[in-house]
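*Asks:* Based on the hints, put chain B in the right spot on chain A.
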Amino acid sequence: MSGTGPLGAAGAVLRRDLTLFFRHRSDIINPLLFFIIVVTLVPLGVGPEESTLRVMAPGVVWVAALLAAMLSLEGIFRSDFDDGSLEQLVISPQPLALLVLAKVFAHWLVSGLPLVVLGPVLGASLFLPDRAMGTLVLSLLLGTPILSLIGAIGVALTVGVQRGGVLLSLLVLPLYIPVLIFGASAVSSAAAGLPVIGPLALLGALLALALTLAPLGAAAALRISLS
Amino acid sequence: MGRFRPGAETDRFGIRIAASGNGVHVTLCRPGRRPCIWLHLATAGTVADKATVDDRPEIAALARRAPRLEARALECVRNDRVLFHDLDAALEPGQVLQVEGPNGCGKTSLLRILCGLSLPGAGEVYWGDAPLPEVRAEYYEALAYVGHRHGVKGELTPIENLRFHRALAGGTPDRVPGDALAHLGLEGFEDVPCRTLSEGQRRRVALARLLMTRRPLWILDEPLTALDRSGVAVVEGLIRDHARSGGMVMITTHQAIRLEGCVLGRLRLGG
Chain A
1 MSGTGPLGAA
11 GAVLRRDLTL
21 FFRHRSDIIN
31 PLLFFIIVVT
41 LVPLGVGPEE
51 STLRVMAPGV
61 VWVAALLAAM
71 LSLEGIFRSD
81 FDDGSLEQLV
91 ISPQPLALLV
101 LAKVFAHWLV
111 SGLPLVVLGP
121 VLGASLFLPD
131 RAMGTLVLSL
141 LLGTPILSLI
151 GAIGVALTVG
161 VQRGGVLLSL
171 LVLPLYIPVL
181 IFGASAVSSA
191 AAGLPVIGPL
201 ALLGALLALA
211 LTLAPLGAAA
221 ALRISLS
Chain B
1 MGRFRPGAET
11 DRFGIRIAAS
21 GNGVHVTLCR
31 PGRRPCIWLH
41 LATAGTVADK
51 ATVDDRPEIA
61 ALARRAPRLE
71 ARALECVRND
81 RVLFHDLDAA
91 LEPGQVLQVE
101 GPNGCGKTSL
111 LRILCGLSLP
121 GAGEVYWGDA
131 PLPEVRAEYY
141 EALAYVGHRH
151 GVKGELTPIE
161 NLRFHRALAG
171 GTPDRVPGDA
181 LAHLGLEGFE
191 DVPCRTLSEG
201 QRRRVALARL
211 LMTRRPLWIL
221 DEPLTALDRS
231 GVAVVEGLIR
241 DHARSGGMVM
251 ITTHQAIRLE
261 GCVLGRLRLG
271 G
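These protein sequences, in sequence, are chains A and B. Residue numbering for the first sequence follows the numbering used here, starting at 1 and increasing by one per position. Residue numbering for the second sequence follows the numbering used here, starting at 1 and increasing by one per position.
The set of hints was computed from the structure by calculation and includes no laboratory data. Treat the numbers as computed from the prediction; the structure is a model and nothing was measured. Watch out, some of these pointers could steer you wrong.
[Unchecked claim] Among chain B residues calculated to face chain A with C-beta under 8 Å, some are: (1) 117; (2) 141; (3) 147; (4) 189.
Think of the CB as a built atom: it goes at the ideal place given N, C-alpha and C, for glycine as much as any other residue.
Just chain B, with the same shape it has in the complex:
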């Protein structure tokens, strides 16, 4: 490929190499056919789409530095059954990727693999240019995960839960716990033990963690479970804002989720 100069012109073989904001595209342009992207080499530290970077410059700056998340040829085997194999997926800053599929198709397993909690049967997860095990510490500084089991302590109050999370996460805190809870509609419940809250309210406490620290990558496993309509709207708003400010969101849900104005990708598992 050395003889092709990156540029906008198409050479005599109909191959065009162009550098863009998020990497190098090699495009095959044949007369009479639609140009098709043949190869896309993504670079680390890709720039989020200009239109999606909003007015929170600190988050936009964070996102610009954030590498992309990529899964290459992942395979997952559970109880001697192959849930998925040769799964490729990529998530760029500013994108939302919704993982879909029937129960038991491996959505949660995929998210746990992407979080580095489980090991894939084959394949690798890349954060930027490096495989996950090599950049674990960096990756965990960029990741916020709200799982199926939401990690909210029943004996602690919502405020105590969030304070603990903030101390655990380190880095610069984004909001004070009270604000985050108010945003999730939990005013007045700050000092009640979480075990006396309803399931939906506990889920809201878990989601409030997302507001406590600035993390470019959110991995959310069924975040809308047990939430009422207003809760779903709040979460949709959170995801939209996050994506618009250059964050990345990976989400599984069985509910319809409205994310207008977001770059929404879909990944279908299980046929």
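Just chain A, same shape as in the assembly:
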């Protein structure tokens, strides 16, 4: 256990958050159940015709993934705020943005990565063609971290507000829309046999942008929320 230096500290944050998530599994399982339930309810609502579902599949999977990601957002900072751990993070000598990035990464590992894994299964249940599966996985792999990163800014801003859930949705949803559009359109294009490099490249660009800027924004927002 070296634990000296910023990377050691970020590693410790990552380890600790993963431990916490695994000791509190219901927090992770709820959004996943939500994801599964929404996608499996769609055929019941719109009818089981293969042609309809096939067209809707990319959009449905992506919308459900986005909402599931939003459900779990609060978990990034809420409990740390409530018990004072967040104050200790802020007054640690390590760069706060790096610690935030570690927290978001831990959160994505337990809430975003399962969505990526479940995506193709649920896609198949909606008759998504096999040739679009790779693109679905890739688009979710690029897209869900963006959702977590943008969400972290929103949560950091609203964590000091009692019942800030509605506010959080209002803040975060507009920023999620580009991700949804490019993610779903990539999968639709793949299903139609069209090139997908365009929307995927844009998702990648968004991820690069979020990865570099969102931790800084979330760190600044945390300092504001705590004061």
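*Replies:* Quick look at chain B alone, frame taken from chain A:
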């Protein structure tokens, strides 16, 4: 002031300028009156009182390098009420400053401002010669804060909590987590999730953090809450040792705290 030479003599105007361990004093000495210190310019990196530096040389060395903490003309407004204004306070190495006052007088707000967690309405906090925002990284390497919400994770065991804190704090670790917990009287509870511990025991886990890393400045918000008599004695011992080895402690408490042999200052808020 250029024509006065620093020295022990009093000049013909009755003004004496003397350099001491912790700065320059300008003293006004009038015949027939007690000399009064007129101006005290403190220097950064002040030397702790010789008598208070004990036999832990590494901590004494740390303290000697530690600057002083100073609040200048702080103001705090909460819910449109001025809690305090024009508040000046200073904390030198080797000193303990106890903040007193009734509930809601702004003790916690003051400590949070001093930690850099909240911004004051007016005024500034100085660490050494520089305002806090300029030396934030340095300051946080010197600060240990145990707040009202003590930052102990209920799902983790005390050992895991302390290990995490040590990794977060960086620098040279002072003690291993097991030792620190034993010092706080938590032997046998190392591997129990903290949420099953009592409030007082969780408070002890939070206080054990102070022993994990060498930090010259401790800011403790109500550290004695929920502690039993033996716990209070342990914390008093910690504070005494820390101050004697040249550390600084800022503390709020409603309980009587016995700190014999410490340079104890008091700061009263709220009238």
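*Asks:* None of the hints should be skipped; say for each whether it holds.
*Replies:* Evaluation of the provided hints:
| no. | hint | in the structure |
| --- | --- | --- |
| 1 | 117 | holds (5 Å) |
| 2 | 141 | holds (4 Å) |
| 3 | 147 | holds (5 Å) |
| 4 | 189 | violated (17 Å) |
When each numbered hint is compared with the structure, a violation occurs for hint 4 only.
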